[in-house]
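K.L.:
Okay, here's what each chain looks like letter by letter:
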Amino acid sequence: MAGETSPGPVAPASSHEAPKVRALACPHCGGPLTVRGLLQTETIACGGCGSVLDLSDDSLRVLSTFRARARIAPSIPLGSRGKLLGDTLEVIGFLRRKVNVEGIDYEWSEYLLFNPYKGFRWLSEYNGHWTFIRTLLERPDGLYVVSYQGRTFKHFQRAKAEVTYVLGEFFWRVKVGETALVDDYVSPPYLLSREQSENEIVWSLGQYVLPEVVQSAFRLEVRLPAPIGVYSCQPAPYTASARLIYRLFAGFLAGALFLQILMLFLAKNQRVFRGDFQYSPSSGEKSFVTDVFEVPGHTSNVVVRTHANLSNSWLYLNLALIDESSGHGYDFGREISYYFGRDSDGSWSEGSPEDEATLPAIPAGRYYLRVEPENAGDPVSYSIVVYRDVPRWKFFVLAALALLSVPGYLFWRQRYFEIQRWAESDHPLVTVSSDD
Amino acid sequence: MHRAYWIFGLVVLGAMAYADYRGLSFTRYDEVQNVPKSIRNNPGAYRGLYQRYYFHK
Chain A
52 MAGETSPGPV APASSHEAPK VRALACPHCG GPLTVRGLLQ TETIACGGCG SVLDLSDDSL
112 RVLSTFRARA RIAPSIPLGS RGKLLGDTLE VIGFLRRKVN VEGIDYEWSE YLLFNPYKGF
172 RWLSEYNGHW TFIRTLLERP DGLYVVSYQG RTFKHFQRAK AEVTYVLGEF FWRVKVGETA
232 LVDDYVSPPY LLSREQSENE IVWSLGQYVL PEVVQSAFRL EVRLPAPIGV YSCQPAPYTA
292 SARLIYRLFA GFLAGALFLQ ILMLFLAKNQ RVFRGDFQYS PSSGEKSFVT DVFEVPGHTS
352 NVVVRTHANL SNSWLYLNLA LIDESSGHGY DFGREISYYF GRDSDGSWSE GSPEDEATLP
412 AIPAGRYYLR VEPENAGDPV SYSIVVYRDV PRWKFFVLAA LALLSVPGYL FWRQRYFEIQ
472 RWAESDHPLV TVSSDD
Chain B
-4 MHRAYWIFGL VVLGAMAYAD YRGLSFTRYD EVQNVPKSIR NNPGAYRGLY QRYYFHK
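For the record, the sequence lines run as chains A and B. The numbering used here applies: residue 52 is where the first sequence begins, and numbers increase by one. The numbering used here applies: residue -4 is where the second sequence begins, and numbers increase by one.
Read the hints as simulated data drawn from the structure, not as lab findings. Hints are not guaranteed to be accurate.
[Stated by the list, open to error] Ranges of calculated distance between the beta carbons of each label pair, as one might list FRET restraints: (1) A:LEU455 x B:GLY39: 42 to 52 Å; (2) B:GLY9 x A:GLY459: 13 to 23 Å; (3) A:GLY302 x B:LYS32: 51 to 61 Å; (4) B:GLY9 x A:GLY201: 37 to 47 Å; (5) A:GLY392 x B:TRP1: 52 to 62 Å; (6) B:GLY9 x A:GLY335: 48 to 58 Å; (7) A:GLY428 x B:GLY9: 45 to 55 Å.
Quick reminder that beta carbons are idealized off the backbone N, C-alpha and C, glycines included.
When you get a sec, could you build the whole thing from the sequences and use the hints?
P.N.:
Written out as structure tokens, the structure reads:
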């Protein structure tokens, strides 16, 4: 935070000597000034003329003046009181600061809050994001990573911060134009800030606060602007939900694997028919029927595997699995082709001499196959083998992909959120190369 | 959200178990009704039957 280490709270004196809120007039422009800091503030900035006055001097000596581009009205008016994170605080000071990164100025607001028993706190606002900050007495240690109170804070950004506007009271001799070298470290929703000025190094700890919380704490009439973008210490949405979803996904995947293994054990995978055949185009009627075979068990799949001795040729089989008693038929066609050779790149092959077709949900019964082969004219020998209740992995894979959809989406969202967070830092997760 | 995912996960597992148990697949086939027993003696007659009685699955 700007300025020197904030003084600790001073217990109020006895009732007949208790410091009170004072109303004064600016000696420069005559504008009204209200002193709320109960003798714990050193300066007050006049909103009318930009004079920074010495509160320790009875005549309110002018310490410095600045000419602001425009008068800025703080979103939380000076004198506002509210209860924030357990402490009742009053807004007594307001300032604007900026950093310049790659030629672009980034400005933010800081509100100095005061409680006579708790001392000073800060509220920082940048692009609608609010952080509640208190100065630390400790000095955490670290360069790129800092450990503090069991949390690990990663370095976010280093920049020189400059005060551009002041209004109200401050506990040090604030001046427009004063600078400090600031290092920010984040462990969302917390932010550790190290400020090095000419005289000292100050550490402070910030906690991200939703604008609705600030709005209701100070009972503001004007709605605070909605946050823009992702702030350095803004907690990622769905973090707690995401962890639970990931655990659920692991549980469901284990359940799916268990079911799949159970199906593997329970499946009959029984061969119910095998036939070897010769096809020669010169013969008359091409179609024929096989012997009747039993398809047992509950309604399940029937897998028809064919193998043909092909050499740079093809074979097409019109197949029908027909229930002998009901006359219900399942008609399907399969093409088997296999080509191979050698060229300048070596040997090549295309297709396969084997084929497999799965017929779903076939009731038990007595069946036969009607077969009608076709090919280019070469004699070919082939075999047909029929299996019942063959276990498959494809539904396990489909189930795993379906279950992955939600955690996958959450992971992508979190990843995108972090990319946006760190894009504003000195250590972006993704760098985009310039074509310049 | 996790309640909705619970329900979704249970539905997926149930669908997977059903598909595996029933032996479902994506193979396309046509169903032919009332194939007479005489086809066993005259397989070539099936062609005319297929054209009249089939419907795609």
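K.L.:
With reference to the structure, classify each hint as holding or not holding.
P.N.:
Hint check:
As the Cβ distance of LEU455 of chain A to GLY39 of chain B is approximately 51 Å, the hint placing it in 42 to 52 Å holds. Between GLY9 of chain B and GLY459 of chain A, the C-beta spacing of about 21 Å keeps the proposed range 13 to 23 Å intact. Distance hint for GLY302 of chain A and LYS32 of chain B: a CB-CB separation of about 53 Å, consistent with the stated range 51 to 61 Å. The supplied range of 37 to 47 Å is met by GLY9 of chain B and GLY201 of chain A, whose beta-carbon atoms lie about 43 Å from each other.
A hinted range of 52 to 62 Å for the beta carbons of GLY392 of chain A and TRP1 of chain B is consistent with their spacing of about 56 Å. Checked against the given bound of 48 to 58 Å, the beta carbons of GLY9 of chain B and GLY335 of chain A, roughly 52 Å apart, stay inside it. The hint said 45 to 55 Å for the Cβ distance between GLY428 of chain A and GLY9 of chain B, and at roughly 51 Å that hint holds.
Consistency with the previously given hints is maintained throughout, with no hint failing.
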